[in-house]
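Undergrad: Sequence:
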Amino acid sequence: MRMLHSSAADEPEVEVNQADQANINRFSNLNVQYEELEAKLQAKKDELDYLSELETDLMMLDDDELVMYKLETSLVHMTPAKATELNERNQKKLSDTVDRLQADLEKCDEEMSQLKKLLYKKFGNTINLERNEPA
Numbered sequence: 017m018r019m020l021h022s023s024a025a026d027e028p029e030v031e032v033n034q035a036d037q038a039n040i041n042r043f044s045n046l047n048v049q050y051e052e053l054e055a056k057l058q059a060k061k062d063e064l065d066y067l068s069e070l071e072t073d074l075m076m077l078d079d080d081e082l083v084m085y086k087l088e089t090s091l092v093h094m095t096p097a098k099a100t101e102l103n104e105r106n107q108k109k110l111s112d113t114v115d116r117l118q119a120d121l122e123k124c125d126e127e128m129s130q131l132k133k134l135l136y137k138k139f140g141n142t143i144n145l146e147r148n149e150p151a
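17 is the number of the first residue of the sequence shown in my numbering; add one for each residue after it.
These are calculated hints, taken from the structure and not from any lab test. Do not rely on the hints blindly, as some may be mistaken.
[As the list claims (entries may be wrong)] Simulated restraints, written as ranges between beta carbons of each label pair: (1) Q49 / L77: 39 to 45 Å; (2) D62 / I143: 32 to 38 Å; (3) D78 / N148: 51 to 57 Å; (4) K133 / K56: 25 to 31 Å; (5) N141 / Q34: 38 to 44 Å; (6) K86 / N41: 54 to 60 Å; (7) K56 / A35: 28 to 34 Å; (8) Q107 / E81: 18 to 24 Å; (9) T89 / D115: 25 to 31 Å; (10) N41 / L64: 33 to 39 Å; (11) A55 / S111: 16 to 22 Å; (12) A38 / D65: 28 to 34 Å; (13) S129 / D78: 49 to 55 Å.
[To be verified] Think about it this way: if two alpha-carbon atoms lie no more than 35 Å apart in a straight line, the pair counts; the simulated DSBU-like pairs of lysine-lysine are: (14) K60 / K132; (15) K109 / K123; (16) K138 / K61; (17) K137 / K86; (18) K56 / K86; (19) K123 / K138; (20) K132 / K56; (21) K133 / K60; (22) K98 / K132; (23) K86 / K133; (24) K133 / K61; (25) K123 / K56; (26) K56 / K133; (27) K108 / K56; (28) K86 / K60; (29) K98 / K109; (30) K86 / K109; (31) K108 / K123; (32) K56 / K138; (33) K138 / K60; (34) K61 / K98; (35) K132 / K86; (36) K137 / K123; (37) K98 / K108; (38) K60 / K123; (39) K138 / K109; (40) K86 / K98.
Owing to the predicted nature of the structure, the values given are computational and were not obtained by experimental measurement. Glycine residues also receive a C-beta, built at the ideal position from the N, C-alpha and C atoms.
Just need the whole structure built from these sequences, with the hints factored in.
TA: Next up, the structure:
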């Protein structure tokens, strides 16, 4: 009677050389960087949504009313028109930041994909480079 072996046991052992280890380490660093970029991007998108909602709220106010607008760490009284102007500038800056983060994320993902192909080609199923998504 024969015992069944797992598929990992059927895989021939592949030696990990210094270049392979460097690629694995690079992939790991990129994976961490990707997750950080993803979190920053989501935070900036949320902030952009908030500023968009603020713009709508500012449009509903009378021009002679003063609003408190947050500048850095201070709240300043200003007219809705001035607050709208500042809000539009902040939205533009934030939109540029979102675009930059998105480009960085895509660049990171592209390099990770190239490393995945290279590492899976050499190591097959003996290496796991897939992201574990939270449940």
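Undergrad: So if I understand the rule, the pair passes when the alpha-carbon distance is 35 Å or less; does K60 with K123 pass?
TA: holds (18 Å)
Undergrad: Would the hint linking K98 and K109 be met if the CA-CA limit is 35 Å?
TA: holds (17 Å)
Undergrad: Measuring from beta carbon to beta carbon, are D62 and I143 in 32 to 38 Å?
TA: Because 35 Å falls inside the window, the suggested range holds.
Undergrad: Using the C-beta atoms of A38 and D65, is the stated range 28 to 34 Å upheld?
TA: violated (40 Å)
Undergrad: Starting from the range 16 to 22 Å, see whether the pair A55 and S111 falls in it by beta-carbon distance.
TA: holds (18 Å)
Undergrad: Quick one, are K133 and K61 close enough, alpha carbons at most 35 Å?
TA: Since the Cα atoms of K133 and K61 sit roughly 31 Å apart, the hinted pair holds (cutoff 35 Å).
Undergrad: Need the status of pair K123, K56: alpha-carbon distance at most 35 Å?
TA: Since the Cα atoms of K123 and K56 sit roughly 15 Å apart, the hinted pair holds (cutoff 35 Å).
Undergrad: Falls inside 25 to 31 Å, the C-beta gap from T89 to D115?
TA: holds (26 Å)
Undergrad: Starting from the range 28 to 34 Å, see whether the pair K56 and A35 falls in it by beta-carbon distance.
TA: Holds, at about 31 Å.
Undergrad: For a C-alpha distance cap of 35 Å, please report whether K108 and K56 respect it.
TA: holds (17 Å)
Undergrad: Run the distance test for K138 versus K61: straight-line Cα separation, threshold 35 Å.
TA: At roughly 39 Å apart (the allowed maximum being 35 Å), K61 and K138 break the hint.
Undergrad: Is it true that the CA of K56 sits at most 35 Å from the CA of K138?
TA: holds (33 Å)
Violated hints for the displayed structure, listed by number in ascending order: 5, 6, 12, 16, 17, 22, 23, 33, 35 and 39.
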